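Kindly generate the complete structure, drawing on both the sequences and the hints.
Just so you know, the protein sequences line up as chains A and B, in that order.
At position 151 of the first sequence the residue is numbered 150 (numbering that gives the first Met the number 0), and the sequence of numbers has no breaks.
At position 102 of the second sequence the residue is numbered 101 (numbering that gives the first Met the number 0), and the sequence of numbers has no breaks.
These aren't lab readings, by the way, just hints derived from the structure by calculation.
This structure is a prediction, so every number in the text was calculated from the model and none was measured.
Think of the CB as a built atom: it goes at the ideal place given N, C-alpha and C, for glycine as much as any other residue.
Be careful, since some hints might not be right.
[To be verified] Simulated pairs of lysine-lysine, DSS-like, Cα-Cα distance not exceeding 30 Å: (1) B/K75 <-> B/K27; (2) A/K212 <-> B/K207; (3) B/K7 <-> B/K193; (4) B/K212 <-> A/K31; (5) B/K75 <-> A/K31; (6) B/K213 <-> A/K31; (7) B/K213 <-> B/K7; (8) A/K116 <-> B/K75; (9) B/K193 <-> B/K213; (10) A/K116 <-> B/K116; (11) A/K27 <-> B/K207; (12) B/K213 <-> A/K27; (13) A/K7 <-> A/K116; (14) A/K75 <-> B/K31; (15) A/K116 <-> B/K112; (16) A/K207 <-> B/K27; (17) B/K31 <-> A/K212; (18) B/K75 <-> B/K207; (19) A/K213 <-> B/K27; (20) A/K144 <-> A/K7; (21) A/K207 <-> A/K144; (22) B/K31 <-> A/K207; (23) A/K27 <-> B/K212; (24) B/K116 <-> A/K112; (25) A/K75 <-> B/K116; (26) A/K3 <-> A/K183; (27) B/K31 <-> A/K213; (28) B/K112 <-> A/K31.
[Said to hold, decoys possible] Derived DEER-like restraints, expressed as beta-carbon distance ranges: (29) A/G224 <-> B/S184: 55 to 65 Å; (30) B/K31 <-> A/W66: 15 to 25 Å; (31) A/D12 <-> B/D88: 48 to 58 Å; (32) A/E202 <-> B/G219: 43 to 53 Å; (33) B/V179 <-> A/S184: 31 to 41 Å; (34) A/L164 <-> B/K3: 51 to 61 Å; (35) A/D88 <-> B/D170: 34 to 44 Å; (36) A/W30 <-> B/D170: 50 to 60 Å; (37) A/K133 <-> B/K31: 31 to 41 Å; (38) A/K3 <-> B/E13: 31 to 41 Å; (39) B/S184 <-> A/D12: 25 to 35 Å; (40) B/E187 <-> A/H65: 40 to 50 Å.
Each chain, written out:
There are 2 protein chains.
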Amino acid sequence: MVAKVPVKLVSWDEIVEWSRGLAGIIEKSGWKPDLIVAVSRGGFVPARLLCDFLDVTNLLAIQSQHWVEAAKAAEKAILRYPYEINAEDMRVMIVDDIVDTGDTLELARDFVKRSWKPREVRTATLQWISSVAKIRPDYYYIEVKEWTWFQYPWTRLEDTSQFILRILREDERARRGLPVDSFKSIFEEWYGVKTSELGFYWEMALEKLRREKKISLSNGIIRPGERF
Amino acid sequence: MVAKVPVKLVSWDEIVEWSRGLAGIIEKSGWKPDLIVAVSRGGFVPARLLCDFLDVTNLLAIQSQHWVEAAKAAEKAILRYPYEINAEDMRVMIVDDIVDTGDTLELARDFVKRSWKPREVRTATLQWISSVAKIRPDYYYIEVKEWTWFQYPWTRLEDTSQFILRILREDERARRGLPVDSFKSIFEEWYGVKTSELGFYWEMALEKLRREKKISLSNGIIRPGERF
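Laid out in structure tokens, this is it:
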């Protein structure tokens, strides 16, 4: 059965392996950053690991992210806190987890170039979805050709919650209420992920959504909640 | 045999478990941050995980760290890039991995309070070494009573390299050169960690130190290198 939304659960070991591989590519290029800037929030873990593998002491972050404008369906990338530092003599490397559309990375890179005036800026990501991204990072470890949702371990609760809500929005049967086991089957069918692979996150997501009244869960039946 | 330097290798699973536990304590207190600020570099991974567990979108970092002044033996904490943002209406939570002396966390907290003028600042760390720290974080998951070097998974290459160099500096036999196996035995004796537990990091650290000429490694003998 083909998943409706292809999801790949990424393990911590894979994150370490990919960050190490990315560091190897950067080292081989003969270039070394003086400052690593994580794109918040996705770049935090890879940026920290790259500091270790590349022996880089200076580490900062800027927050570039998609923002759904209230009145429009369209999304655009914004910088939440466009602060300035003097990076005149520095080689800066901007790090994110994945380049999907490329909007957030591009915005972060252009801002740092223009406002921090570093000697040089390069970009590095663990993954690059080449079929949809409008920019290619200077360094990447994995080129992804078919769009996939990479479920990184630092956003497991948020993603699991979103996955559950999406089923409730889009599946007729779920909307009317389903026993947990049937709901789990739909989850596995849609995302290609067994709920047991999510460990404690599955129960934690259900509990969080129940507390927020986004789902109701009584007598073993999941349905949309009061604030769904 | 008692380790000369008590080291506890921390796994990724423990980091997730501790971050989740810390998030639970914060939630129970009834307080929720609007903005999480990671202390760079140690706070990056816990800060990102806390964003997931507490559903916090805003994430930044400031770099507060120990700095050995060239002319003195004493260390002091400095802020590398004391940038400013307007956080007037925000509850800010400053996150680090561990409070050891407490200098860096205190400096970061005082700076954010004074310069960003947030509505409120609280601090949260995975661990707190209560026997040496001069401040107690508002939230912590583990109180450590006997000083231990917690070897977090995001600083494994740096720490392994430092552990090796320390043996070469302080052990007479190692200074004159030792077969790798004997060197490994000293490592295990000093740090209470088997080199096999370090996975690929052991070989990676040796290779890095050899490339930097900090060690020499020929005919299976480790000794200080030209740039030791």
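Are A/K75 and B/K116 close enough, with their CA atoms no more than 30 Å apart? holds (29 Å)
Mind checking the hinted window 48 to 58 Å against the Cβ distance between A/D12 and B/D88? At 41 Å between Cβs, range violated.
Agreement of B/K213 and A/K27 with the hint, judged by alpha carbon distance not exceeding 30 Å: holds (20 Å)
Is A/K27 close enough to B/K212, meaning Cα to Cα at most 30 Å? holds (18 Å)
Could you grab the alpha-carbon distance between B/K31 and A/K207 and see if it respects the 30 Å cut-off? holds (15 Å)
Range hint compliance [Cβ, A/D88 to B/D170, 34 to 44 Å]: holds (39 Å)
Given the hint of 40 to 50 Å, check if B/E187 and A/H65 actually sit that far apart at their C-beta atoms. Taking Cβ atoms as reference, B/E187 and A/H65 lie about 49 Å apart, which means the hint holds.
Starting from the hint 51 to 61 Å, judge whether the C-beta atoms of A/L164 and B/K3 obey it. Taking Cβ atoms as reference, A/L164 and B/K3 lie about 53 Å apart, which means the hint holds.
Please verify whether B/K213 and A/K31 have alpha carbons no more than 30 Å apart. It holds: about 19 Å lies between the C-alpha atoms, which stays within 30 Å.
So the hint says 31 to 41 Å: do the beta-carbon atoms of A/K3 and B/E13 match that? Holds, since A/K3 and B/E13 (Cβ atoms, about 35 Å apart) stay within the stated range.
Is it true that B/S184 and A/D12 lie within 25 to 35 Å of each other by Cβ? This hint holds: roughly 28 Å between Cβ atoms.
When you take the CB atoms of A/E202 and B/G219, is the distance between them in 43 to 53 Å? holds (51 Å)
The structure is inconsistent with the numbered hints 1, 2, 13, 21, 28, 31, 33 and 36, although it conforms to all the rest.
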